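Protein chains: 2
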Amino acid sequence: MAEHKRKIRLGAFLFGVGHHSAAWRAPDVDPKAGQRIGFYQELAQIAEAAAFDTVFFADNVAMHGAPGQWGGAPPVYFFEPTTLLASLAAVTKRIGLIATVSASYTPPYQTARLFASLDHLSGGRAGWNLVTSGSDGEAANFGLKTQRRHADRYRLAGEYVDLVRKLWDSWDDDAFRFDQNSGVAFDGSKVRLVDHDGEHFSVRGPLQISRPVQGHPVIVQAGSSDDGQRLAAHSAEVVFTAQPSLASAQSFYRGLKQQVLAAGRNPDHVLIMPGIQPFVAETRAEAEDKYARLQDLVDPRAGLGMLAAFSGIDASQLDLDGPLPNLPETEGWKSRRQLFVDVAQEQHWTVRQLIAFISAARGHAVVVGTPADVADHLEAWHSQEAADGFNIMPPTLPAGLTDFTRLVVPELRRRGLFREHYEAETLRGNLGLSRPVPHSWTPASFPSFPQTDQVAAQ
Amino acid sequence: MAEHKRKIRLGAFLFGVGHHSAAWRAPDVDPKAGQRIGFYQELAQIAEAAAFDTVFFADNVAMHGAPGQWGGAPPVYFFEPTTLLASLAAVTKRIGLIATVSASYTPPYQTARLFASLDHLSGGRAGWNLVTSGSDGEAANFGLKTQRRHADRYRLAGEYVDLVRKLWDSWDDDAFRFDQNSGVAFDGSKVRLVDHDGEHFSVRGPLQISRPVQGHPVIVQAGSSDDGQRLAAHSAEVVFTAQPSLASAQSFYRGLKQQVLAAGRNPDHVLIMPGIQPFVAETRAEAEDKYARLQDLVDPRAGLGMLAAFSGIDASQLDLDGPLPNLPETEGWKSRRQLFVDVAQEQHWTVRQLIAFISAARGHAVVVGTPADVADHLEAWHSQEAADGFNIMPPTLPAGLTDFTRLVVPELRRRGLFREHYEAETLRGNLGLSRPVPHSWTPASFPSFPQTDQVAAQ
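Chains A and B are the protein sequences, given in the same order. For the first sequence, UniProt numbering assigns the number 458 to the last residue and increments by one with no breaks. For the second sequence, UniProt numbering assigns the number 458 to the last residue and increments by one with no breaks.
Please note: incorrect hints may appear among the correct ones.
[To be verified] Distance condition first, Cα-Cα at most 27 Å in a straight line; then the derived DSSO-like pairs of lysine-lysine:
1. A/7 - A/190
2. B/190 - B/7
3. B/93 - A/32
4. A/93 - A/7
5. B/93 - B/7
6. B/93 - A/190
7. A/145 - B/190
8. A/32 - B/257
9. B/7 - A/93
10. A/190 - B/257
11. A/93 - B/93
[Said to hold, decoys possible] Some chain A residues well away from chain B (every beta-carbon gap over 10 Å; in silico):
12. 187
13. 259
14. 376
These aren't lab readings, by the way, just hints derived from the structure by calculation. The structure displayed is predicted, hence computed values, not measured ones. C-beta atoms are modelled at their ideal positions from N, C-alpha and C, and glycine is treated no differently.
Let the hints inform the model, and build the full structure from the sequences given.
Laid out in structure tokens, this is it:
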């Protein structure tokens, strides 16, 4: 574990032809590439050749934005993430594969099965990024008029993740016998009903797929609100978070590790990986030029749409050159809205400046500079209790990823901060996470997940 | 179309280490192979090298049988079928890929998206085998105490398939512009809400994935009851069915094609493909020996479990050497129960003999003989209005599949009955099915799907 702890974890967060909102308009980007499965396969192979821990895919179960606002950006979800991951598993060998599936609208039996299947077909490299769906547009695709309340979504997610883990544990690791002579294929006493009858779900079980290679696929969590942190402390092994500054990242890191400890878990077994968008080149001038050229292509309408999508803020009526006014809380994306409000206030930004900032990386940190500058940034966050690793969000693809693997990865290796090659066959092994013993987690976790009205503000 | 019509269609129905219930106990079978993704990848490549139209995977969302009966056979669903297909798409180029997803328990938005994704990542080779879930064990994994009534399941499935097709049509084929200069990624007026508000589902849309390569992935249907046939006439393009004899297959074929015509559709655009289990060898004696050796390995308890699983019949208390008694209808698998009752009566079989029959291919036809014998059988069914093609159900894998591709495929080609190579890039193209024009199917289909109580017995 000590060996693992010293190294920086790296994920490649893949997102269409790049995370920057103007990526598809860049002259060196093929805007149609995001529709080709071969494009994603090549990106995963680039990340694997650099020994990245994971590739990571977000998800959303509705079109972004209101009908009248469509068209300014290509949808990035050309592929459904679990089928996309299965395809990548077939053309890679060692890199971890993380897909987002919302706990809001997929039956838990189905999610348990999808990730068990992904774990088997990747040889133990699957991770599930557990989120809740925060928009009315998503709710309307699943028979609801409006989304559920934020706290209710997270209560449901807490029951959901425990139920999924029970289903993964419904087969013992050693259930199979395959005794051709006696006709015993598996030992029926090592397969159990789960008989879950909870507040939101009733599921008999067992799963009709044997226990995943990793025991449980790695549980990733990506909500940074109080409810999201509580869920992470309860169940996550990797936490993806948006933190625009070292100070905010340190505050989040220390607070969450304390909550993990308070939940009776080992803080070293919960890896915190903020997103970061690097613009890197041999010289600072070149890197700044890369950044400026993309920023020049930003359509302010697209930036306003993004502000609306992530925060519930309808900014189309705002004065672009005035300050961000007070904004009411919503039942949507609490932590991202707060991030936008805080950063605008701290930096004394106008609406236009805020939009320019979020057009790049949606609130995640942006670093512009030489390989040494970027490595300095990562090292500072890693050594000062702000991050165990980073989810790299290339501004454009493939160039933003190859710039990083070609320029920054060697610099991190020179500093002894990043692996030369994979240590293990599974994602758990490479992340230094232990393989769950069946049911060992159950008594400590599910019953202690608090009722909404019993939770003190934190 | 005439050219296509003359040829026999062939699917490779892959099922663990073989369809025969004793397959895993055969000396030349590796019983653990069904847990390896590489095994399925190799099988798909064998079928593709022989220019099969499709590989086909069944599904079930619960463990088969009651808890006390587990262990006699390995579960065949080691992989969830959509993730399995995505993996196979990455290692094949031309063969069609059909996965079963039940309309009973997956939200339609999710199913529309999974198959749109599979169609994009396979380059237009996806097919969806639409079934309803017929067991209480499955219902109990999705919050229900018992399954829904048979007729209700099919009414729901009729609404479901139309809604999924509306979602696939929510993007026009020519919506994308990718105009980097003007910043128009796609034409928002070519993407529409579906605003479906039906008896069972309310879905706003649009899908957040562009229109599938094939327009619609090919719709396959596998229920042969009256309700199942009505759904097939309404929506299917390929029908998979269990028919134990030429006479039963002809009756089914003619009846269904008439219903398709009555529904205002072209009968040539609905391909009927019964399952068939071939035991083939250079000589009849050798083929019969193959069959006898597998039958000798059948565990009668496993046969009784299969009888129970497919028909709702609890046969554990029956006299194995007496006739099958009268059996009540259930809300489970209507057509398969009827098939078992009919075939036992026609053949004057004891329960033991019925079990021996269904232990091989679960009620599908079994053919034992030389390559010419098997080709004669296929040709007879194909030329006498019993089948447009066949879903080949190898008794063991891989040997049952390679026997067929090595011995029977060349014989079919000598007779001009099977293709030498693929004609097209997509599954639709290879099956001779046209690409759906958006919305063209809507007025003729959904509103005409009858209310249960208005349907005359057929």
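So, going through the hints one by one against the coordinates:
1. Simply put, residue 7 of chain A and residue 190 of chain A have alpha-carbon atoms about 38 Å apart, too far for the 27 Å limit, and the pair is violated.
2. Between residue 190 of chain B and residue 7 of chain B the alpha-carbon distance is near 38 Å, which puts this suggested pair outside the 27 Å criterion.
3. Taking the CA atoms of residue 93 of chain B and residue 32 of chain A, the gap is about 21 Å. The hint holds against a cut of 27 Å.
4. Between residue 93 of chain A and residue 7 of chain A the CA atoms are separated by roughly 21 Å; this keeps the pair inside 27 Å, and the hint holds.
5. The hinted pair formed by residue 93 of chain B and residue 7 of chain B meets the criterion: a straight-line CA distance of about 21 Å does not exceed 27 Å.
6. For the given pair, residue 93 of chain B sits about 40 Å from residue 190 of chain A by alpha-carbon distance, which is inconsistent with the 27 Å threshold.
7. Note on residue 145 of chain A and residue 190 of chain B: the hinted pairing holds, with a Cα-Cα distance of about 25 Å set against a maximum of 27 Å.
8. Note on residue 32 of chain A and residue 257 of chain B: the hinted pairing is violated, with a Cα-Cα distance of about 42 Å set against a maximum of 27 Å.
9. Proposed proximity of residue 7 of chain B and residue 93 of chain A is contradicted: the alpha carbons are some 40 Å apart, above 27 Å.
10. Between residue 190 of chain A and residue 257 of chain B the alpha-carbon distance is near 48 Å, which puts this suggested pair outside the 27 Å criterion.
11. Taking the CA atoms of residue 93 of chain A and residue 93 of chain B, the gap is about 21 Å. The hint holds against a cut of 27 Å.
12. The claim that residue 187 of chain A lies off the interface is violated: its Cβ sits roughly 6 Å from the closest Cβ of chain B, which falls inside the 10 Å cut-off.
13. Look at residue 259 of chain A: its CB is around 31 Å from the nearest CB on chain B, clear of 10 Å, so calling it non-interface holds up.
14. At roughly 34 Å, the least C-beta separation between residue 376 of chain A and chain B is larger than 10 Å, which holds for a residue marked as non-interface.
Checked against the numbered hints given earlier, this structure breaks hints 1, 2, 6, 8, 9, 10, 12; the rest are met.
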